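Asker: Chain order of the listed sequences is A and B.
Going by my numbering, the residue at position 221 of the first sequence is 202; the numbering climbs one at a time, nothing skipped.
Going by my numbering, the residue at position 56 of the second sequence is 37; the numbering climbs one at a time, nothing skipped.
Honestly, I wouldn't trust all of these hints.
Unchecked claim - Below, a sample of chain B positions facing chain A; criterion: calculated Cβ distance under 7 Å: (1) Ala1; (2) Ser2; (3) Val4; (4) Cys50; (5) Val101; (6) Leu199; (7) Val210; (8) Asp239; (9) Pro270; (10) Glu272; (11) Pro273; (12) Leu274; (13) Glu280.
Claimed, not checked - Heads up, simulated EDC-like pairs for lysine to aspartate or glutamate below, C-alpha to C-alpha not over 16 Å straight-line: (14) Lys250/A with Glu86/A; (15) Lys173/A with Glu118/A; (16) Lys173/B with Glu209/A; (17) Lys173/A with Glu209/B; (18) Lys116/A with Asp142/A; (19) Lys11/A with Glu267/A.
Bear in mind the hints are in silico, worked out from the structure with no lab data behind them.
Because the structure is a prediction, the values reported are computed rather than measured.
For every residue, glycine included, the Cβ atom is placed at its ideal position computed from N, Cα and C.
There are 2 protein chains.
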Amino acid sequence: MSQIDVLVSEVGPRDGLQMASAVMPTEFKKRWIAAAVEAGLREIEVCSFVPPKIVPAMADAAEVTAYACSFPGLTVAVLAPNLRGAENAMKAGAHKITVPISASEAHNKANVNRTREESVADIARICELRDSLPKAERPVIEGGLSTVWGCTISGLVPQDDVVRLSAALVEAGVDEVGLADTTGMADPASIKSVFKAVRAEIGEEKLGGAHLHNTRGLGLANALAALEVGITTLDSSLAGLGGCPFAPGASGNIVTEDLVYMLEEMGLKTGIDLKKLIACREVLREGLPEEPLYGFIAEVGPEKGGKSVEKIAAA
Amino acid sequence: MSQIDVLVSEVGPRDGLQMASAVMPTEFKKRWIAAAVEAGLREIEVCSFVPPKIVPAMADAAEVTAYACSFPGLTVAVLAPNLRGAENAMKAGAHKITVPISASEAHNKANVNRTREESVADIARICELRDSLPKAERPVIEGGLSTVWGCTISGLVPQDDVVRLSAALVEAGVDEVGLADTTGMADPASIKSVFKAVRAEIGEEKLGGAHLHNTRGLGLANALAALEVGITTLDSSLAGLGGCPFAPGASGNIVTEDLVYMLEEMGLKTGIDLKKLIACREVLREGLPEEPLYGFIAEVGPEKGGKSVEKIAAA
């Protein structure tokens, strides 16, 4: 597999589908994953290991994870809100497990029904479980710090809280800490400031990616800011599906198609074929016909201008 | 008037209205300008001095310009495609006249019906006309270089052409050279590259602002890139109205509301009150009821999160 400059991590099958008004049939999830791999995606967050009673859209998590694991070279990421979920995710063979914890105490309680301190303790137990596995079978555990740039319940989150929690997560044993703008309240200056502060505390090796939302239209500008402070993993969602159900007003991950277009135009290799990526939207249209699809480049059409088209044509 | 960090230049009354499907009545244009000034805008491109037969929406250019000039401290900018237009603009009292010239030969011919060389010669005559006025009455002449980042007719435009034409415009006597991504084909890397190259050629003093379109969703990321190479004047349009009628596929200036939100969140002062700015959209709703209005922050509502709201509340 050729070298890439930026890892675009597709979170739509998890973050998008858990927010969708309808449940996507398992067959369509598989078609989406297959089409995304065909387009060149190297990491996909395919599902969430949560109780089916709470999130019916994720009832097929184990089946979807196993299917995704059949693609060689694909990093199969999943989300697990607690020890029970992480255990199931490990059994299903997930390569990477993101465990969410909110930088905002109020949001953490609303989202996972416990204090941040309790979440850190739970994550420590998940890391112990990871360490009980044979080395070759251990998944990467990511502490997914959410509402980093603000909480719709309790407002702005102090940067010191984010830094302190990042250190606590590393102490708890996570392999990396990812930072999420769950509510779309970040701006390019605060993106740079927080990532720099967290890196200074936990070091380059433990610093994961940026999970950005486009709620207020700053998604790609914030992605650019993250790139400029050295972040090389960016989450995004096909057609901008997704958001967080417990953060009122939040809507829409950054659009994978638009992000890939921007990166490739900038000369940054993603390994992703933009035309094939745009073609993936067809699976959403068929599998979730009621869901609105977002994104600029899919509407304008990559053939109408820009350098990436020539690159694709020349590839 | 307090100090600002970035000059947001509203181009909607010109770039937006010349593209709109209906003609906005003069009274609404005046209401828009008054509301924009009330919101804190310091520069507005209020109209285009073009033959009314070609662009009926601009038939009231002289009246609108004179009205705008009644607001103390407001820089009244206009567009004039040729000597005749510039003459009328000067008579009307415009403070700044942007004369468009395309970096792409094909687009220049389509837009102003002459070669780039002929455009430069025409701009030299406009500068002579400026110099024939008493010093206190001389408007700023901006060479508005368009299709800098690509042309929908002839494709990518060589950066060398942009640098060469910028130098020719300075030679012709313009006060500044502004660069426009008419077709929305720029990316943050090419924004930085071109602005740096043009500055190296013509110097800081002659370098004007960035006029960016959001055709492919990169508008604000490109604005951020421009800021990062020291550009402090950014054009934008209320509700994202506008585009270029002779560049098929191009649509939408960057949205003033979203741009101001981003800048203020970053701690950069614009002098603009975001809530009052969003209220300006009401004039568009009434004066151009058929026109779609774009923008994220107006939809989400500034009160739902972000720092700028607190700043406004504290102001």
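Asker: None of the hints should be skipped; say for each whether it holds.
Answerer: Structure-based check of each hint:
1. Because the smallest distance between the Cβ of alanine 1/B and any Cβ of chain A comes to about 20 Å, over 7 Å, the interface hint for this residue is violated.
2. Interface hint at serine 2/B: violated, since its Cβ lies 19 Å from the closest Cβ of chain A, which is beyond the 7 Å cut-off.
3. For valine 4/B, the interface hint is violated, the least distance from its beta-carbon to any beta-carbon of chain A being 27 Å, above 7 Å.
4. Look at cysteine 50/B: its Cβ only gets to about 33 Å from chain A, farther than 7 Å, so that hint breaks.
5. A cut of 7 Å between beta carbons decides the hint on valine 101/B: the least distance to chain A is about 26 Å, and the hint is violated.
6. The beta carbon of leucine 199/B is positioned within 7 Å of a beta carbon in chain A (closest approach about 6 Å), and the interface hint is therefore held.
7. A least Cβ separation of about 12 Å between valine 210/B and chain A goes past the 7 Å threshold, and the interface hint is therefore violated.
8. A least Cβ separation of about 5 Å between aspartate 239/B and chain A falls short of the 7 Å threshold, and the interface hint therefore holds.
9. The beta carbon of proline 270/B is not positioned within 7 Å of any beta carbon in chain A (closest approach about 23 Å), and the interface hint is therefore violated.
10. Checking glutamate 272/B against chain A: minimum C-beta separation of about 18 Å lies over 7 Å; hint violated.
11. The interface hint given for proline 273/B is violated, since its Cβ lies 13 Å from the closest Cβ of chain A, which is over the 7 Å cut-off.
12. With its C-beta approaching chain A no nearer than about 13 Å, leucine 274/B sits outside the 7 Å limit, and its interface hint is violated.
13. A distance limit of 7 Å between C-beta atoms decides the matter here; for glutamate 280/B the minimum to chain A is near 9 Å, and the interface restraint is violated.
14. Restraint check for lysine 250/A and glutamate 86/A: not satisfied, since their Cα atoms lie roughly 38 Å apart, outside the 16 Å limit.
15. Using a Cα cut-off of 16 Å, the hinted pair lysine 173/A and glutamate 118/A is violated, with the two alpha carbons roughly 35 Å apart.
16. For the given pair, lysine 173/B sits about 13 Å from glutamate 209/A by alpha-carbon distance, which is consistent with the 16 Å threshold.
17. Taking the CA atoms of lysine 173/A and glutamate 209/B, the gap is about 13 Å. The hint holds against a cut of 16 Å.
18. Only pairs whose Cα atoms come within 16 Å are accepted, and lysine 116/A paired with aspartate 142/A is rejected, the gap being roughly 33 Å.
19. This hinted pair checks out: lysine 11/A and glutamate 267/A have alpha carbons roughly 13 Å apart, not beyond 16 Å.
Checked against the numbered hints above, the structure breaks hints 1, 2, 3, 4, 5, 7, 9, 10, 11, 12, 13, 14, 15 and 18 and satisfies the rest.
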